[in-house]
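Undergrad: What follows is the residue order along each chain.
2 protein chains.
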Amino acid sequence: MNHTKMQAAVQAYIDLFNAKDAEGIADLYADNATVEDPYGTQPKKGRAEILEFYSGAVKSGSTLVRTGPTQIASNVAAFAFTVYIGGLDEESKGVDIDMPMGKMEIDVIDTFQFNEGDKVTAMKAYWDPAVNLRQT
Amino acid sequence: MNHTKMQAAVQAYIDLFNAKDAEGIADLYADNATVEDPYGTQPKKGRAEILEFYSGAVKSGSTLVRTGPTQIASNVAAFAFTVYIGGLDEESKGVDIDMPMGKMEIDVIDTFQFNEGDKVTAMKAYWDPAVNLRQT
Chain A
425 MNHTKMQAAV
435 QAYIDLFNAK
445 DAEGIADLYA
455 DNATVEDPYG
465 TQPKKGRAEI
475 LEFYSGAVKS
485 GSTLVRTGPT
495 QIASNVAAFA
505 FTVYIGGLDE
515 ESKGVDIDMP
525 MGKMEIDVID
535 TFQFNEGDKV
545 TAMKAYWDPA
555 VNLRQT
Chain B
425 MNHTKMQAAV
435 QAYIDLFNAK
445 DAEGIADLYA
455 DNATVEDPYG
465 TQPKKGRAEI
475 LEFYSGAVKS
485 GSTLVRTGPT
495 QIASNVAAFA
505 FTVYIGGLDE
515 ESKGVDIDMP
525 MGKMEIDVID
535 TFQFNEGDKV
545 TAMKAYWDPA
555 VNLRQT
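Protein sequences, first through last, are from chains A and B.
Per my numbering, the first sequence starts with residue 425, numbered consecutively.
Per my numbering, the second sequence starts with residue 425, numbered consecutively.
Hints in this document: simulated from the structure, not taken from any laboratory.
Possibly wrong hints are sitting among the right ones.
The list treats identical chains as one, so a pair stands whether inside a single copy or across any two.
Below 30 Å or equal to it, Euclidean Cα-Cα: the simulated DSSO-like pairs (lysine-lysine) are [stated by the list, open to error]:
id, residue 1, residue 2
1, K527, K543
2, K468, K543
3, K527, K468
4, K468, K483
5, K429, K527
6, K444, K527
Note that the coordinates shown come from a computational prediction; the quantities given were computed from them, not determined experimentally.
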């Protein structure tokens with residue numbers, strides 16, 4: 425693992441998500457990687473499931489905004505961000521999304537575990553929709 | 425696990441650390457809990473090792489300041505904070521600490537895994553002194 429490459433992978437993840445590039449996000453992951461989002465739910469495993477997950481996620485019109493620096497320890501990067509759902513990106517939406525609840529925000533902390541090739545092998549997202557979703 | 429109790433345990437951890445109460449911190453942990461700080465190093469295991477670790481840590485005169493909300497997913501709480509080493513708490517220091525590097529800050533993300541009794545069973549701290557320590 426390489427600190428610089430791990431930092432870059434986290435930034436690429438944010439940027440690719442905001443560019444709605446699900447394929448690009450899937451490329452950050454190793455073969456047979458797992459995505460547990462949120463932590464405690466059934467993980468998505470392998471490229472097909474991971475790509476399907478992110479393809480759906482980027483279609484939501486959400487935007488990720490970092491709320492602090494990336495922390496790296498050994499082979500793991502941890503970082504905090506807010507997901508803005510609806511409202512930040514209205515103009516670039518291809519379709520009108522019916523959002524009866526209005527704009528929403530979710531605070532999240534993710535951890536990415538990397539392999540020797542600087543690919544993500546395990547992603548865990550810590551957030552809870554039951555207590556964490558803010559209507560704005 | 426109980427969301428409210430997990431949130432309260434995280435806040436207690438911050439408050440007890442800043443009150444230099446290592447015994448109080450140790451009480452937040454389950455028997456045979458592990459503390460991996462930073463992640464990737466040999467874990468401290470069990471009350472004696474955990475108490476020894478925090479007894480040393482609180483003597484450093486460090487202060488923890490939250491930098492975001494606590495994220496809870498399933499049985500894990502994740503939270504970001506900054507450690508201020510030296511300078512924030514000069515007046516209450518019992519001894520002068522020789523700090524040739526001056527005041528320092530470290531950004532950290534911790535995860536606490538809880539058991540059914542709302543005690544912490546596994547703590548992992550994500551930070552890296554090699555890249556993360558800021559001289560101020």
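Undergrad: Each hint needs a verdict: does it hold in this structure or not?
TA: How the hints compare with the structure:
{"no.": "1", "hint": "K527 x K543", "result": "neither (33 Å within a copy, 36 Å between copies)"}
{"no.": "2", "hint": "K468 x K543", "result": "both (16 Å within a copy, 29 Å between copies)"}
{"no.": "3", "hint": "K527 x K468", "result": "within (27 Å within a copy, 44 Å between copies)"}
{"no.": "4", "hint": "K468 x K483", "result": "within (18 Å within a copy, 44 Å between copies)"}
{"no.": "5", "hint": "K429 x K527", "result": "between (34 Å within a copy, 29 Å between copies)"}
{"no.": "6", "hint": "K444 x K527", "result": "within (19 Å within a copy, 42 Å between copies)"}
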